[in-house]
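K.L.:
Chain A is fixed; fit chain L onto it per the hints.
Protein chains: 2
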Amino acid sequence: MKLGPVLMLALLAAASGAAEPPSNAGHQPPIQTVTPPAPAGTPPASVQWLYGSGEAVGASMTAYRAFQNYAVAAVRHRPRDSVVLASDATLRTPRFVPCGRKPLAVVLDVDETALLNIGYEYDQAAQKRSYNPERWSDWERTGLPDTETVPGVFLALRAIRAAGIKVIFISNRSLENVAYTELALDRAYLGPARHLKELFVEGDAPGGSAKDPRRALIASRYCVVAMAGDQLGDFTDLFNSNGDSPPARRSMAKGLHISQLWGNGWFVLPNPVYGTGVKGNFYDVFPSDRWTDTVGGQ
Amino acid sequence: MKLGPVLMLALLAAASGAAEPPSNAGHQPPIQTVTPPAPAGTPPASVQWLYGSGEAVGASMTAYRAFQNYAVAAVRHRPRDSVVLASDATLRTPRFVPCGRKPLAVVLDVDETALLNIGYEYDQAAQKRSYNPERWSDWERTGLPDTETVPGVFLALRAIRAAGIKVIFISNRSLENVAYTELALDRAYLGPARHLKELFVEGDAPGGSAKDPRRALIASRYCVVAMAGDQLGDFTDLFNSNGDSPPARRSMAKGLHISQLWGNGWFVLPNPVYGTGVKGNFYDVFPSDRWTDTVGGQ
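Heads up: the protein sequence lines correspond to chains A and L, in order.
All letters in the first sequence, in the order written, are residues 1 to 298 by my numbering.
All letters in the second sequence, in the order written, are residues 299 to 596 by my numbering.
Looking at chain A on its own, in the form it has when it is part of the complex:
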């Protein structure tokens, strides 16, 4: 869904003293009400696909329908273990945190999993800019009107909550801007997302951007029945343990034990635009299979 003018007004109301104002409202920038003209040319293929295509709508909804079905089924058949790996697990010997009698929860990432950062990615593509932490922080504070939800997430979370399952977000958005992130999720109808209750950001547990400590914290309180994310690090930091090359990471994801988890507790949303999946030179991406034709020409 689009967070349009009505929500912009709601944001203004909130920022000016209503129910849940951002704590650092003094930094509140002017709300943009004019859509600027776009440059000539075309965005990269990955951006065209993720933000502009019906195909990406179908792919995201395919993943979210599976996430919802899997989570809701856990209410009838309560699992013995969380889908969060135990601290002594490896990718070859996965072990999971036991559920005990803890209440059920699902855990999901925010950016390009729950929220599509359309305005930010427009700016990067249109201005041919690379990532800049100051600009990203600006986006966390001002991006709400130009944010949409990932197709399928709203209905999935509604069904999951209706089944009595807690919904918890883990994001690497900043602690400084956490009130804005709470508001963004709430105004996108994906909340409640209260900090340290249903929303954990970078700095809420040790480990920096690594999410295992936050997952461990949540799995100590909840039986986590499903997780969703667009990066392998949204499932376990073991994928990121050695600065591994793309072919090594691809092999890890295809491994005998880990491959059982995709669509079966761990649900991946497609994101070809940024992150650990968008790496590598020609040797990394095509370690073999380097065909050439017999036709020639362009």
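The set of hints was computed from the structure by calculation and includes no laboratory data.
Hints may contain errors.
[To be verified] Below are the DSS-like pairs computed for lysine-lysine, each with C-alpha atoms no more than 27 Å apart in a straight line:
{"#": "1", "chain 1": "A", "residue 1": "K197", "chain 2": "A", "residue 2": "K166"}
{"#": "2", "chain 1": "A", "residue 1": "K254", "chain 2": "A", "residue 2": "K279"}
{"#": "3", "chain 1": "A", "residue 1": "K279", "chain 2": "L", "residue 2": "K426"}
{"#": "4", "chain 1": "L", "residue 1": "K426", "chain 2": "A", "residue 2": "K128"}
{"#": "5", "chain 1": "L", "residue 1": "K400", "chain 2": "L", "residue 2": "K464"}
{"#": "6", "chain 1": "A", "residue 1": "K279", "chain 2": "L", "residue 2": "K577"}
{"#": "7", "chain 1": "A", "residue 1": "K128", "chain 2": "A", "residue 2": "K279"}
{"#": "8", "chain 1": "L", "residue 1": "K464", "chain 2": "L", "residue 2": "K426"}
{"#": "9", "chain 1": "L", "residue 1": "K552", "chain 2": "L", "residue 2": "K426"}
{"#": "10", "chain 1": "A", "residue 1": "K102", "chain 2": "A", "residue 2": "K166"}
{"#": "11", "chain 1": "L", "residue 1": "K577", "chain 2": "A", "residue 2": "K128"}
{"#": "12", "chain 1": "A", "residue 1": "K197", "chain 2": "A", "residue 2": "K102"}
[To be verified] Label pairs and their in silico Cβ distance ranges:
{"#": "13", "chain 1": "L", "residue 1": "D386", "chain 2": "A", "residue 2": "G164", "range": "48 to 58 Å"}
{"#": "14", "chain 1": "L", "residue 1": "P511", "chain 2": "A", "residue 2": "R101", "range": "53 to 63 Å"}
{"#": "15", "chain 1": "L", "residue 1": "P490", "chain 2": "A", "residue 2": "H77", "range": "28 to 38 Å"}
{"#": "16", "chain 1": "L", "residue 1": "G462", "chain 2": "A", "residue 2": "P133", "range": "23 to 33 Å"}
{"#": "17", "chain 1": "A", "residue 1": "S87", "chain 2": "L", "residue 2": "R374", "range": "34 to 44 Å"}
{"#": "18", "chain 1": "L", "residue 1": "G398", "chain 2": "A", "residue 2": "R101", "range": "40 to 50 Å"}
{"#": "19", "chain 1": "A", "residue 1": "T294", "chain 2": "L", "residue 2": "A514", "range": "54 to 64 Å"}
[Stated by the list, open to error] Among the chain A residues that face chain L by a calculated CB cut under 7 Å, a handful are:
{"#": "20", "residue": "T42"}
{"#": "21", "residue": "P133"}
{"#": "22", "residue": "R135"}
{"#": "23", "residue": "D289"}
Here a beta-carbon is modelled for each residue, glycine too, at the ideal position from N, C-alpha and C.
P.N.:
Chain L only, in chain A's frame:
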């Protein structure tokens, strides 16, 4: 899985007179046994992600696990209708072909749904080439050793067949090269894929590249319980009826009725590299939500 040297030998054996030789074996080019050196630089983000990342493995397996679960469940709860739209359906008033007492089947696309055309996309990216039908035809004939399977498809099809469900492929590969396509699917352990039995290519029914006539043919013989593809045209040609703009196609995919089908009979594999999902200028991809920052700089 990788179709390595052993399969290359199998291909050679087949092409030289064994069980299922390609009918046009006279065109057989030399089998490549040397992997050529790659150029400097990096492939586009979409190519890095789809062919090189663990994230794409997880996303594809997420979709295939859902496809498998959905199809196999239809054996216990036989549906009244196929998931193939009836000839008088529209996207706003979807109606489906009745199942009657027909046997169960699933229908899926081939390229970037069942097979990853890694070698071909390497060549396109490395040589900065655009699509060329003569080169693609060369690939259909010689690409087998540099083809891999989409992660998840092998186990999904095995489980679906074990449940007693027929697996049928619809591809826009050429009629001329159909024996090579049969062989490619067979050697990837995705067969049987015999022409006009489990494999329908362009020209097997009227309509050219449009797939509705082939879907109608299959739905007249089978109760189609699930379909998988990477392009919206793998589900219905109605998405392609008007040369629609990217925002119009995205709206169609999100429509009230059609959105119920994603992950619920229609399963989308991610493909940000080519096709109808990779279109549009900045106005198409970002019809609104064109944020700019307050930071400036690069």
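K.L.:
Now, for every hint given, state plainly whether the structure supports it.
P.N.:
Hint-by-hint comparison with the structure:
1. A:K197 with A:K166: Given pair K197 of chain A, K166 of chain A holds - Cα atoms ~10 Å apart, limit 27 Å.
2. A:K254 with A:K279: 18 Å, holds
3. A:K279 with L:K426: Holds, at roughly 18 Å.
4. L:K426 with A:K128: Roughly 20 Å separates the two Cα atoms, so the pair holds.
5. L:K400 with L:K464: 11 Å, holds
6. A:K279 with L:K577: 23 Å, holds
7. A:K128 with A:K279: 18 Å, holds
8. L:K464 with L:K426: Given pair K464 of chain L, K426 of chain L is violated - Cα atoms ~40 Å apart, limit 27 Å.
9. L:K552 with L:K426: 34 Å, violated
10. A:K102 with A:K166: 11 Å, holds
11. L:K577 with A:K128: Answer holds: K577 of chain L to K128 of chain A is near 18 Å, not above 27 Å.
12. A:K197 with A:K102: 15 Å, holds
13. L:D386 with A:G164: 48 to 58 Å: 42 Å, violated
14. L:P511 with A:R101: 53 to 63 Å: 57 Å, holds
15. L:P490 with A:H77: 28 to 38 Å: 35 Å, holds
16. L:G462 with A:P133: 23 to 33 Å: At 55 Å between Cβs, range violated.
17. A:S87 with L:R374: 34 to 44 Å: 39 Å, holds
18. L:G398 with A:R101: 40 to 50 Å: 49 Å, holds
19. A:T294 with L:A514: 54 to 64 Å: 37 Å, violated
20. T42: 5 Å, holds
21. P133: 10 Å, violated
22. R135: Hint holds; R135 of chain A Cβ to chain L Cβ min 5 Å, cut 7 Å.
23. D289: 4 Å, holds
Checked against the numbered hints given earlier, the structure breaks hints 8, 9, 13, 16, 19 and 21 and satisfies all the rest.
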